[in-house]
Each structure stands twice: as C-alpha cells, then as structure tokens.
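Work the whole structure out from these sequences, hints included.
So the sequence shown is numbered by the working numbering: it starts at 7 and just counts up by one.
Calculated directly from the structure, the hints in this document are not laboratory data.
Every residue, glycine too, gets a C-beta built ideally from N, C-alpha and C.
Where hints are given, some of them may not hold.
Simulated DEER-style distance windows between Cβ atoms [said to hold, decoys possible]: (1) P264 to K99: 44 to 50 Å; (2) G36 to A101: 14 to 20 Å; (3) A240 to Q156: 25 to 31 Å.
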Amino acid sequence: MQKAPFQLSAWQKAQVTLLYHFASLDYLKGLQQRLHALMAFIDPTLDLAKLQQRDPLLTDARWGTRNTSGNWANNGWPFLADFELSVAIHIAKRAFEVYSITGANQCGRGLAEISLDWMTPDEQSDFETRFEQISLYAMNIDDTMDRSGQTTRWDDFSLALRRHEYPEALAHAPALRLRPDVTGQTGMVPVRTGVYLPIDDPHGTPQFCWTGSPAGELLESSTFNDLGLDALAAVGRADLWVSDDSMHTFVQAHLNDPRLSRDPLFSRSTAKPKLAPSLVARNAFTSRPCGWIYVEQIHGEREDWSENGGSVEIGNGPRVEGGVACPQSGYYFTPAKADSRRYFAKGETMPQVGGDYGATIWQWDLGQE
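Structure follows, in structure tokens:
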C-alpha cells in the first residue's frame with residue numbers, strides 16, 4: 007500500500023469517528039426504536055381520551071372536530087406511521103449502500119398543523135419533548151447525508167459540539183487508517199462508501215459519502231476562512247468552540263473587526279460569553295473543491311486517542327462499576343448498552359446492565375447539560 011500523505015490528528019480521528027457513528031446502521035435503528043416508543047406512548051393516550059369522552063367537550067360549531075383526539079388519530083397518526091415506514095425502508099436499503107436523509111422534518115411540519123388540545127398539559131408536554139428528542143437525534147443523520155448544498159451541513163463547530171454530546175461514540179471506536187490508494191475529487195462519486203478527508207487541508211471537515219444509487223458524491227470541503235484561522239490560533243484547538251470564556255475573549259478583542267461586526271446578531275452576541283462561539287462560527291468558514299482520501303475503519307482494533315502526549319477527551323471524570331454507589335451526581339453512560347446516558351444522584355446504586363459486553367462500567371459524560 008502507498009504511504010499515507012499525512013498522519014491523522016486526534017481531532018480528525020474524533021470527527022471521522024462521529025460521522026461513521028451517525029451513518030451506522032445501529033444509529034439508524036436507534037431512530038426506529040425511538041419512534042416505536044413514541045407510538046407506544048400515543049396509543050394508550052388516545053385510548054384514555056376516548057375512555058374519558060374528551061372529544062364531545064372539544065367539538066363545537068366553529069371548529070368542528072379540529073381539536074379532538076379523533077382528528078389527531080385520522081390526520082396526525084398517519085404522519086408518524088409514514089415516518090416509521092420510511093425509516094424501515096432506509097434500514098432495508100442500507101444493504102445496497104443507499105443512504106438518505108430522514109423524514110423527521112416533514113413529519114414535524116405535518117404534526118405542527120394538527121391540534122393537540124385533546125391532550126392534558128402533561129401529555130402534550132411529554133409528547134412534544136419526545137418528538138423534539140427524536141428530531142434532534144435524526145438531525146445527525148440528516149446533517150451527514152444531505153447533498154442539497156455546496157458542502158454537507160457539518161463544519162468544525164458543529165462536530166466539536168457533537169463530540170462532547172456523544173462521548174460513547176468515541177469510546178471503544180474502531181481504529182482508523184488512511185487509504186492513499188482510495189481517493190477522489192469534489193463532484194465525483196466515491197469508489198468506496200465511507201468517510202473521506204481533504205488531502206491538502208488539515209482543517210477541512212470530513213464527509214461521509216456512498217456508492218449506492220442515488221449516490222452521495224464528494225462535495226466541496228468546509229474549512230476555516232481567515233477569521234476561523236485567527237480564532238484557532240488565538241484560542242487553541244482544545245478550547246475552540248467549547249470554551250465560552252476563551253471564545254468571548256477572542257470576540258472582545260475583535261469588536262471592531264468587520265468580519266464579526268457585520269453579523270446581524272453581533273450586538274446581542276457580544277454581551278454573553280455563551281453566544282460567542284456561535285457568533286464566530288457563523289462567520290468562520292468557507293468552502294472549496296479539493297482532493298479527498300478515504301479513511302477506513304479497522305474493525306477488531308480499538309482506536310488510540312493519544313497524540314504527542316495529548317488526547318481527545320472522551321469521558322474525564324468518575325468511572326464506576328455497576329453495583330457500586332454513585333460517587334458524584336451527574337450524567338453517566340456505559341459502553342455496555344446503547345443509548346444508556348442517564349442521570350445518577352450521589353449515593354444511588356449504579357446498575358449492572360447485563361448483555362454480552364462484559365462488566366458494566368459507568369463513565370462520566372463530558373456533556374453535563
């Protein structure tokens with residue numbers, strides 16, 4: 007095999023691993039499971055509304071049956087059913103290396119037109135929370151698969167945020183290696199399905215591409231413009247995007263910089279440190295065509311996250327065996343179970359989850375929001 011033109015940085019490894027995670031069949035099946043759980047919540051809620059005879063109280067001369075559970079069953083339920091069917095079809099098509107965005111956006115727009123007044127306030131809040139979580143989950147698939155723009159929806163900023171939200175995707179991830187014998191150019195359909203990195207730009211955002219029809223061609227590379235490079239140099243890779251204080255300091259040093267001041271939300275964004283990262287990110291990127299190199303997953307080998315004495319954080323904090331009392335209140339996850347992230351109070355016994363993975367080790371989640 008040819009010699010790789012560069013060595014993968016820990017940051018690039020993390021970004022590539024995230025894209026493989028969001029493109030995986032297991033992640034897509036996770037969307038299906040969440041939809042099934044929502045539909046299982048709706049069924050008994052509709053039954054309860056019927057048992058309590060809510061609809062006669064909600065039917066009137068002006069609006070007719072618009073606010074009733076019967077109207078939702080006839081017009082809202084089909085949106086969920088179509089969404090669930092589309093996910094099942096997408097799962098089947100993965101065998102032919104066919105990928106696409108989900109129907110989450112269309113389903114959400116349709117459901118927004120159907121009244122939920124037949125629900126109690128608690129039921130409505132529960133439903134809306136569940137569907138919002140499904141939409142956010144599906145958005146990771148959509149951002150990975152969308153081919154309607156000049157670039158994919160991902161950039162360095164959005165992937166940095168996801169890295170802290172999905173530490174379980176990095177823990178126990180397969181090893182990665184560059185394949186200099188598998189390359190392509192912007193506008194081409196790749197010869198292999200998988201994640202590709204720009205050959206000549208260490209700051210270019212990777213993208214997931216596929217060979218099935220319709221194919222996911224290589225788009226332009228999203229990369230830093232001059233402002234983005236200035237922010238990277240001033241803040242440093244470790245704090246870029248994720249340290250509100252460091253990003254706020256950078257913004258305060260560039261209050262007269264037209265690259266920031268022309269932003270329509272500039273005045274509002276300079277007042278609060280938590281808004282500084284998004285202010286810079288909205289103005290920090292450009293795109294360009296480039297050459298791409300395939301990054302292969304080596305299943306059976308675990309990725310080494312160390313890099314020149316440093317590492318990508320994937321879960322600093324307590325690591326607790328199942329069956330032991332929680333030493334610190336907060337959110338934890340375990341690689342022994344998919345979608346295991348949950349909150350534990352100090353002193354609460356952290357359970358064993360069983361399965362074939364082995365011992366249950368609960369790891370501190372960096373994203374404690």
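Now for the hints, and whether the structure bears them out:
Separation of P264 from K99 is about 47 Å and conforms to the stated range, judged on CB atoms against 44 to 50 Å. Take G36 and A101: their Cβ atoms lie about 18 Å apart, and the range 14 to 20 Å holds. Between A240 and Q156 the C-beta distance comes to about 28 Å, which sits within the given range of 25 to 31 Å.
Violated hints for the displayed structure: none, as all numbered hints are satisfied.
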